[in-house]
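S.K.: Chains C and G supply the protein sequences, listed in that same order. In case it helps, our numbering puts the first sequence at residues 2 to 116. In case it helps, our numbering puts the second sequence at residues 172 to 286.
FYI, nobody ran anything at the bench for these hints, they're computed from the structure. A hint or two may mislead.
[What the hints assert, rightly or not] The calculated DMTMM-like cross-link candidates involving lysine to aspartate or glutamate, where the alpha carbons are at most 25 Å apart (straight line), are:
1) C/39 / G/195
2) C/4 / G/227
3) G/228 / C/30
4) C/39 / G/268
5) C/71 / C/56
6) C/4 / G/268
7) C/4 / G/195
8) G/228 / G/239
9) G/186 / G/239
10) C/39 / C/19
11) G/186 / G/234
12) G/228 / G/215
13) C/71 / C/27
14) G/182 / C/45
15) C/39 / G/215
16) C/39 / C/27
17) G/228 / C/27
18) C/4 / C/45
19) C/4 / C/56
20) G/228 / G/243
[As the list claims (entries may be wrong)] Partner residues are not named here, just some residues of chain C that face chain G (Cβ under 7 Å, in silico):
21) 46
22) 51
23) 103
24) 106
25) 108
26) 109
Just so we're clear, the structure is a prediction, and the values are computed from it rather than from any experiment. Backbone N, C-alpha and C define an ideal beta-carbon position, used for all residues, glycine too.
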Amino acid sequence: AQKVTQAQTEISVVEKEDVTLDCVYETRDTTYYLFWYKQPPSGELVFLIRRNSFDEQNEISGRYSWNFQKSTSSFNFTITASQVVDSAVYFCALSGNTGRRALTFGSGTRLQVQP
Amino acid sequence: GAGVSQSPSNKVTEKGKDVELRCDPISGHTALYWYRQRLGQGLEFLIYFQGNSAPDKSGLPSDRFSAERTGESVSTLTIQRTQQEDSAVYLCASSLEGQGVYGYTFGSGTRLTVV
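Please model the entire structure based on the sequences and the hints provided.
M.R.: This is how it looks when you write it as structure tokens:
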């Protein structure tokens, strides 16, 4: 069975602070994909990143960076110099190559960035 | 189409009535998924279609829920005898295949309110 845990239910920061959203996953698959999605107040799901299990390189995209550590089954997401527009619910998700071939989502972390 | 299209965008129904929600995936996407998102919660997997294979119905919460997909085209999620706990946003996603190599595209969802 696959499981994604986002232990942080809600985080509140002040603009320009850095913030890290934690994601821990469980899977028995040897090949799998990890995702982060953003869900702003408008409700649509915005794709942020996909990482496959064979690529442990960290990734940076503008103010966003991702730290994938297979040894700890974690795929954490950091926003540098946060902005009010970053306020949203962020979901970490996992898909594998056996069993249920659908995304398994974490429960989400609500990020509030105060001006 | 350019994206995943869902209709209606909003639906208010009386308890006990049946409802049909429609999803039009991206042309050529063989995999289609339905998720449910209750207010303030994460996404729950409902059902997954992959080409002409038997669907994975393991996430359907009760026998009041059913879904169909004709080939690789439109899917319909039907909820019979709706209950208030069925109130949620129902999200549809499609992908080129069923593992996540090419990512998943989500529709904007149908917000169902049962009164």
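S.K.: If any of the earlier hints don't hold here, list their numbers in rising order.
M.R.: 7
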